[in-house]
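**Q** Here's the letter readout for the chains.
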Amino acid sequence: MTDLETDLREAMIATVADARPPHDLMERVRQRRRRGRARRLTATAACGALIVAAVPVGLALLRPGGHREPVGATTTSTPAPSRQSQPTHRYVRPPPRGWIRHRDGAGDYIDAPAGWHVSTVSTLLEPVVRWVIGTGPVPGSGCAPRAALRRLPAAGMLFQVIEYSGVNEPYSFPPRHGRLTLGPIGGPYECWGVKTHLVVFQDGGRYFQVQTVFGARAPDSLRAQVTRSLNTLHIAPIPANMRPAALCRAGLWTYCPQAVWVSRVLNKAHVLDLGNQGTRAIVGQAGRRSFAVLTTRRRGGLSAIRCRSVSGTRVCKTRRGLVLRVHGLWLWLEPARSAYSTPPTGPGLPTRPALRRLVAAARVLPI
Amino acid sequence: MDFGPERPGQATGDAADSFEDFVRGRSTQLFQLALLLSGQNQADAEDLLQVALERAWRRGAAGYREGSPEPYVRRILVNASIDRWRWLRRRGEEPLPDSDPGRLAADPAGMVARRDLLMRSLAMLPPRQRAVLVLRYWEDRSEAEVAAIMGCSVGTVKSQASRGLARLRQLTGALPGQPVARRRGSRD
Numbered sequence: 000m001t002d003l004e005t006d007l008r009e010a011m012i013a014t015v016a017d018a019r020p021p022h023d024l025m026e027r028v029r030q031r032r033r034r035g036r037a038r039r040l041t042a043t044a045a046c047g048a049l050i051v052a053a054v055p056v057g058l059a060l061l062r063p064g065g066h067r068e069p070v071g072a073t074t075t076s077t078p079a080p081s082r083q084s085q086p087t088h089r090y091v092r093p094p095p096r097g098w099i100r101h102r103d104g105a106g107d108y109i110d111a112p113a114g115w116h117v118s119t120v121s122t123l124l125e126p127v128v129r130w131v132i133g134t135g136p137v138p139g140s141g142c143a144p145r146a147a148l149r150r151l152p153a154a155g156m157l158f159q160v161i162e163y164s165g166v167n168e169p170y171s172f173p174p175r176h177g178r179l180t181l182g183p184i185g186g187p188y189e190c191w192g193v194k195t196h197l198v199v200f201q202d203g204g205r206y207f208q209v210q211t212v213f214g215a216r217a218p219d220s221l222r223a224q225v226t227r228s229l230n231t232l233h234i235a236p237i238p239a240n241m242r243p244a245a246l247c248r249a250g251l252w253t254y255c256p257q258a259v260w261v262s263r264v265l266n267k268a269h270v271l272d273l274g275n276q277g278t279r280a281i282v283g284q285a286g287r288r289s290f291a292v293l294t295t296r297r298r299g300g301l302s303a304i305r306c307r308s309v310s311g312t313r314v315c316k317t318r319r320g321l322v323l324r325v326h327g328l329w330l331w332l333e334p335a336r337s338a339y340s341t342p343p344t345g346p347g348l349p350t351r352p353a354l355r356r357l358v359a360a361a362r363v364l365p366i
Numbered sequence: 000m001d002f003g004p005e006r007p008g009q010a011t012g013d014a015a016d017s018f019e020d021f022v023r024g025r026s027t028q029l030f031q032l033a034l035l036l037s038g039q040n041q042a043d044a045e046d047l048l049q050v051a052l053e054r055a056w057r058r059g060a061a062g063y064r065e066g067s068p069e070p071y072v073r074r075i076l077v078n079a080s081i082d083r084w085r086w087l088r089r090r091g092e093e094p095l096p097d098s099d100p101g102r103l104a105a106d107p108a109g110m111v112a113r114r115d116l117l118m119r120s121l122a123m124l125p126p127r128q129r130a131v132l133v134l135r136y137w138e139d140r141s142e143a144e145v146a147a148i149m150g151c152s153v154g155t156v157k158s159q160a161s162r163g164l165a166r167l168r169q170l171t172g173a174l175p176g177q178p179v180a181r182r183r184g185s186r187d
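Quick note, the sequences are listed as chains A and B, same order. Residue numbering for the first sequence follows numbering that gives the first Met the number 0, starting at 0 and increasing by one per position. Residue numbering for the second sequence follows numbering that gives the first Met the number 0, starting at 0 and increasing by one per position.
In case anyone wonders, no lab produced these hints; they're calculated from the structure. You may find that some hints are simply not true.
Computed Cβ-Cβ distance ranges for the label pairs, DEER-style [as the list claims (entries may be wrong)]:
no.: 1; chain 1: A; residue 1: Gly35; chain 2: B; residue 2: Thr27; range: 53 to 63 Å
no.: 2; chain 1: A; residue 1: Arg248; chain 2: B; residue 2: Glu19; range: 16 to 26 Å
no.: 3; chain 1: B; residue 1: Asp139; chain 2: A; residue 2: Arg149; range: 35 to 45 Å
no.: 4; chain 1: A; residue 1: Arg149; chain 2: B; residue 2: Pro70; range: 46 to 56 Å
no.: 5; chain 1: A; residue 1: Gly347; chain 2: B; residue 2: Arg113; range: 41 to 51 Å
Keep in mind it's a predicted model, so treat the numbers as computed, not measured. Note that beta-carbon positions come from the ideal geometry of N, C-alpha and C, so glycine has one too.
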């Protein structure tokens, strides 16, 4: 085997080693099957109708002395097609004059001025780079367009839209409401190596992140154009049964609005968010202790052993941890293990100061 | 895996369950194959795999005589990828995306850069050549097996593999960052 063959084999193995099919593959296959069956049935029905309509005409033609009705006579007696049988076209706003629509083939698109450079080449499988758009060339890249970044003109800009196909912490992606902004400047971020604007959001049940960098002398008009371009971003929604609301209804708590609230409470209380405990709770860390934080609508029949007031709120001790009632919900704190904390933590309840901060934050922040 | 007796196009409950078991068990391997066949385009790979699985499921037991649907799904996957790319090829061949020359020169992990270039070059190959190389080197199949999957002769497999490797050598031999000449309607 030549070097090239060996290299090719290794490259292929390494490239797809971590690739996994979509988690709802079987459901998608099922949907495709249903659609195919409906299409075949429609085609069969159409063929049948055609045959039924054609047979009398054929017989009339074959009949001795038979003649065809003038075409006009038959068409006038044909009822007007019903509204349902007409194709329905949803109006899609065209791109602004001088702008180009960049489609990804899956129903998503973004508009950008004609002079801008656009790349849809993603060498990442997760997350996937959807678009890299810049005022200068945007060569293919890994998790950030570093080559383009090095050549970024002082009056230029560069932004990247990436999509996370599956996120562990959906609550950290706020729903896209109203107008998208560039987001605050933060970082330097791991992939880009520089400070960037960053905004994350969920749209149609999908999770996106946009990072933008401007040259030192980029005019305000360019910032306005980028914002305008971002707001042309059209996302094809995933099926309703896969969206966060449906997943929340199915009992996956981390997809519920309450999880968004708990995440904000942890943040405000300066309690470290260590990620999820499955889809049941978010794990927080205070000092060397880690604990699960979750909410329920009902108290769940657990009897409190003793209660005391913390920051003006009654906090009760149960067999599993602490519970308090806030905004009509029960907020639970339970000792929990986390594999992700550095330095390692042990399961335990928050210390008194941390608990005070948590309770205060929970009272202040509305759901 | 027993798929039970069933009429073509009619999936019984048991057969549907068995098919789901098959998808659960083998989808990762099949998805990886689809990913390589589609030139590492995730959306195309998902689409290809869904097409192959749906077709296999629809055909039911009539489609695969060996008992397991895997060879049948694999064959559909390869043929569908070739058909699909034959259609898409009307767009014309795209230039090899520019890579990052500075990084290639400075990065001590040159192997990573070479792999990247190789995979991007593989994605540029005509679909039939790519399918032969993927089956031959990623799946470690013999030329006879590849020929059986693709429904062609062993000689065709040899010639496609040879042309594919030659083209890869040509593409990866180009200077990093230098775009490959644009060609339209190349033959596979």
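**Q** Taking each numbered hint in turn, which are not upheld by the structure, reported in ascending numerical order?
**A** 1
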